[in-house]
Every structure is written in C-alpha cells, then in structure tokens.
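Got chain A sorted already, so can you dock chain B onto it with the hints?
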Amino acid sequence: GENVEQHPSTLSVQEGDSAVIKCTYSDSASNYFPWYKQELGKGPQLIIDIRSNVGEKKDQRIAVTLNKTAKHFSLHITETQPEDSAVYFCAASKGNNAGNMLTFGGGTRLMVKP
Amino acid sequence: DAMVIQNPRYQVTQFGKPVTLSCSQTLNHNVMYWYQQKSSQAPKLLFHYYDKDFNNEADTPDNFQSRRPNTSFCFLDIRSPGLGDAAMYLCATSPGGGRDTQYFGPGTRLTVL
Numbered sequence: 001g002e003n004v005e006q007h008p009s010t011l012s013v014q015e016g017d018s019a020v021i022k023c024t025y026s027d028s029a030s031n032y033f034p035w036y037k038q039e040l041g042k043g044p045q046l047i048i049d050i051r052s053n054v055g056e057k058k059d060q061r062i063a064v065t066l067n068k069t070a071k072h073f074s075l076h077i078t079e080t081q082p083e084d085s086a087v088y089f090c091a092a093s094k095g096n097n098a099g100n101m102l103t104f105g106g107g108t109r110l111m112v113k114p
Numbered sequence: 001d002a003m004v005i006q007n008p009r010y011q012v013t014q015f016g017k018p019v020t021l022s023c024s025q026t027l028n029h030n031v032m033y034w035y036q037q038k039s040s041q042a043p044k045l046l047f048h049y050y051d052k053d054f055n056n057e058a059d060t061p062d063n064f065q066s067r068r069p070n071t072s073f074c075f076l077d078i079r080s081p082g083l084g085d086a087a088m089y090l091c092a093t094s095p096g097g098g099r100d101t102q103y104f105g106p107g108t109r110l111t112v113l
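Chains as they are written, first to last, in our numbering: chain A, 1 to 114; chain B, 1 to 113.
Please note that a few of the clues may not be correct.
Claimed, not checked - No farther apart than 20 angstroms at their CA atoms in a straight line, the calculated lysine-lysine pairs in the PhoX-like style are these: (1) K44(B) / K42(A); (2) K71(A) / K57(A); (3) K42(A) / K71(A); (4) K42(A) / K38(B); (5) K68(A) / K58(A); (6) K113(A) / K68(A); (7) K44(B) / K37(A); (8) K57(A) / K94(A); (9) K44(B) / K94(A); (10) K38(B) / K37(A); (11) K37(A) / K22(A); (12) K37(A) / K68(A); (13) K22(A) / K58(A); (14) K22(A) / K57(A); (15) K113(A) / K37(A).
These aren't lab readings, by the way, just hints derived from the structure by calculation.
Bound-form chain A, shown alone (with noise of 0.2 angstroms):
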C-alpha cells in the first residue's frame, strides 16, 4: 500500500521567514495530494491541494510543489505568521469512484515566533 513519509517533524520558524515541509509517497498510482493544517483541539481544515495533472499550485502565501518523478511533494507558507502556528498534514491518494483513501503523513508542527 501507500507509505507517505513528511518532515521534518517540528518546525520553529521566526515570523516573516518561510516554512517548508517536505513529503514523499511510494505509489506512483496516487494523483491527488492534499495538505491539511490542524490547530489544537480542532480537526483538520483542508489548505490546499494539487493534483498530478500539475506541478504547482498557489492560494496568496501558500503553495505546493510537486514532483511526480521523484514523489515528493512540498508545502511552502511565506511571510510567516503567529496563527500558521499548528500541526501540519500532508496525504495522497489514488481517489476512485467509491471514496478517496488519504494516506497521511505523520504531521508536521509548526511553530512560528513573534
């Protein structure tokens, strides 16, 4: 089955810098990768997502990269905030007509500092 592997797993970042979180998959078959960010106590809210049609994706300070060569996928926040403080998770899936298995990564902790 598929195997996604995410780092690093915390993350501290000064406000303004950037952030990068890295993610590879095993399976060449998955063609959908979505990232998910999770503040405490709360479930997890979908950010943004990149399908294997493409190889990057923006939404303002927020992008992902994709390599389907090499299988791996990133996340990129800029100009980093306080509140982008939270648990990141990246996913893949092949996606099929009778529901869409995630397979996540083990998360990411971000940590932004004033």
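This is chain B only, laid out in the frame that chain A set:
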C-alpha cells in the same frame, strides 16, 4: 454554511460502557468517513460509507461499529470502550464520484475512565 458537524465535542464514558458519537453533514456528500486520532499522530481511518455501502478497514477492531441511517447522518458506536480507545474521533465527508476532497468535522474527544 455547509459543514460537517460532530456531537458531542467532548464525551466521557466509563470502561466497558457503550458510547455513540454522531456526525451530520449539510454538504450532501455521498461518502462519510470515521477516523481515530491519538495524540501527536495522524488520523487513522476506521471505516467509511459510500452511500449505504459500508467499508471496514482491515485493522479496525470489532469493538467499533458504524451506522448511516440516511445521507446526512453517520454514527460511530464503541461497544465496550477500553482505555486505549481514548482519542479524538474525526468524521469527514467527500462528494464521491471521483471528486475526492475530504472535509473534516471538528472532532469528538473521547475520554475513558
């Protein structure tokens, strides 16, 4: 706003006492999922429904069951909770039919005494 709602947000039960967690959605999505999330770990899929079709993950304990009486509601039943079942339980939905983005509810934190 269309959303995924979970009740209660916090649930305390006693060892061995059955408990039911509920999830409802106003998104009219075909697929509903239940995840278990323990501290500092990624969510772990327990099972999902595609419409009325139930799909159990191979390693989900028999102690966990689910019901989906209609499109909007899905329940997680834990028949005999053990201390190891204390966790955050997350419900998620996706449209289905190849549209695969999952949307999560806020979760129910279960404490087992």
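Checked hints:
1. A C-alpha spacing of about 16 angstroms is found between K44(B) and K42(A), which places the hinted pair at or below 20 angstroms, so the restraint holds.
2. At most 20 angstroms may separate the alpha-carbon atoms for a hinted pair to count; K71(A) and K57(A) meet this at roughly 16 angstroms.
3. A hinted pair counts as satisfied when its Cα atoms are at most 20 angstroms apart, and K42(A) with K71(A) does not qualify at roughly 30 angstroms.
4. With a C-alpha separation of about 13 angstroms, the suggested pair K42(A) and K38(B) falls inside the 20 angstroms cut-off, and the hint holds.
5. Of the pairs offered as hints, the one joining K68(A) and K58(A) holds, with about 18 angstroms between alpha carbons and a cut-off of 20 angstroms not exceeded.
6. Of the supplied pair hints, the one linking K113(A) and K68(A) is violated, its CA atoms being roughly 33 angstroms apart against a limit of 20 angstroms.
7. Taking the CA atoms of K44(B) and K37(A), the gap is near 16 angstroms; set against the 20 angstroms cutoff, the hint holds.
8. A C-alpha spacing of about 19 angstroms is found between K57(A) and K94(A), which places the hinted pair at or below 20 angstroms, so the restraint holds.
9. For a cut-off of 20 angstroms, the pair hint linking K44(B) to K94(A) stands: about 17 angstroms separates their Cα positions.
10. For the hint pairing K38(B) with K37(A), the CA-to-CA distance comes to about 16 angstroms; that is within 20 angstroms, so the pair holds.
11. This hinted pair checks out: K37(A) and K22(A) have alpha carbons roughly 14 angstroms apart, not beyond 20 angstroms.
12. With a C-alpha separation of about 23 angstroms, the suggested pairing of K37(A) with K68(A) is violated against the 20 angstroms cut-off.
13. The straight-line distance between the Cα atoms of K22(A) and K58(A) is roughly 16 angstroms, inside the 20 angstroms bound, and the hint therefore holds.
14. Taking the CA atoms of K22(A) and K57(A), the gap is near 15 angstroms; set against the 20 angstroms cutoff, the hint holds.
15. At most 20 angstroms may separate the alpha-carbon atoms for a hinted pair to count; K113(A) and K37(A) meet this at roughly 18 angstroms.
Comparing the model with each earlier hint shows violations of hints 3, 6 and 12; every other hint is respected.
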